[in-house]
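*Asks:* Sequence:
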Amino acid sequence: MEFEVPWEKYKDSNLVMHGWKEMVYDQRNWVGLNTGSFFIRNCQWSLDVLDAWAPMGPRGKVRDEAGKLLARELKGRPVFEADDQSAMVYLLATQRDKWGDKVYLENSYYLHGYWEILVDRYEEMIEKFHPGLGDDRWPLVTHFVGCKPCGKAGDYPVERCLKQMDRAFNFGDNQILQIYGFVHNSLAGWRVRRVRGEISNPP
Numbered sequence: 001m002e003f004e005v006p007w008e009k010y011k012d013s014n015l016v017m018h019g020w021k022e023m024v025y026d027q028r029n030w031v032g033l034n035t036g037s038f039f040i041r042n043c044q045w046s047l048d049v050l051d052a053w054a055p056m057g058p059r060g061k062v063r064d065e066a067g068k069l070l071a072r073e074l075k076g077r078p079v080f081e082a083d084d085q086s087a088m089v090y091l092l093a094t095q096r097d098k099w100g101d102k103v104y105l106e107n108s109y110y111l112h113g114y115w116e117i118l119v120d121r122y123e124e125m126i127e128k129f130h131p132g133l134g135d136d137r138w139p140l141v142t143h144f145v146g147c148k149p150c151g152k153a154g155d156y157p158v159e160r161c162l163k164q165m166d167r168a169f170n171f172g173d174n175q176i177l178q179i180y181g182f183v184h185n186s187l188a189g190w191r192v193r194r195v196r197g198e199i200s201n202p203p
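Residue 1 is where the sequence shown starts when you use the numbering used here, and the numbers rise one by one after that.
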């Protein structure tokens, strides 16, 4: 919640994703970027790149064939149906002249924080680090990849995901509550306590 995005850094870019140039453009590595969270400018260029990215997405034969192409062309990628991340690596690596100048691959902080790494460490982050650093210590986003609480074949037990989502919500909620002099008693629960007396003039 208190993370400050370095917008000035991206003034000449239309798409910002977590990634590494050398892994995408030189190595064509399928994990050279992450499409879990990204910033995209509302402009014609962005509509065009989305149009170029989308054809590998439809389920069925097209997606299966695209998956085979991506496995052939991208380093380390197993054969399975096309996915958005591999498709973006392929698009950028094969059409760098068309898209590359307006894409910023950010790796000085995580746009997405993988929940398995972060959620159990929130108390440590609160104790040791400060908001706004923008790395995995105080994430911009806690990304619950693999969690499917609707019950459809998730990679993790639904109960674990829901419990950790509550902790993530309370971690973010504390950053707002503190402005008004309150925090959650525990990240595992909804109860709050006062930590500051005055509430009429929050900082």
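Check before you lean on any hint, since a few could be wrong.
[Said to hold, decoys possible] 25 Å max Cα-Cα, derived PhoX-like pairs, lysine-lysine:
| id | residue 1 | residue 2 |
| --- | --- | --- |
| 1 | 75 | 9 |
| 2 | 128 | 21 |
| 3 | 11 | 21 |
| 4 | 102 | 61 |
| 5 | 61 | 21 |
| 6 | 128 | 163 |
| 7 | 11 | 128 |
| 8 | 9 | 21 |
Hints in this document: simulated from the structure, not taken from any laboratory.
*Asks:* For each hint, tell me whether it holds in the structure or not.
*Replies:* Each hint, compared with the structure:
1. 75 / 9: violated (29 Å)
2. 128 / 21: Roughly 31 Å separates the two Cα atoms, so the pair is violated.
3. 11 / 21: Since the Cα atoms of residue 11 and residue 21 sit roughly 18 Å apart, the hinted pair holds (cutoff 25 Å).
4. 102 / 61: With a Cα-Cα distance of about 31 Å, the restraint between residue 102 and residue 61 is violated, given a limit of 25 Å.
5. 61 / 21: Given pair residue 61, residue 21 is violated - Cα atoms ~31 Å apart, limit 25 Å.
6. 128 / 163: The hint holds at about 23 Å.
7. 11 / 128: The given pair, whose Cα atoms are some 32 Å apart, is violated under the 25 Å limit.
8. 9 / 21: With a Cα-Cα distance of about 16 Å, the restraint between residue 9 and residue 21 holds, given a limit of 25 Å.
When held up to the earlier numbered hints, the structure conflicts with 1, 2, 4, 5 and 7 and fits the remainder.
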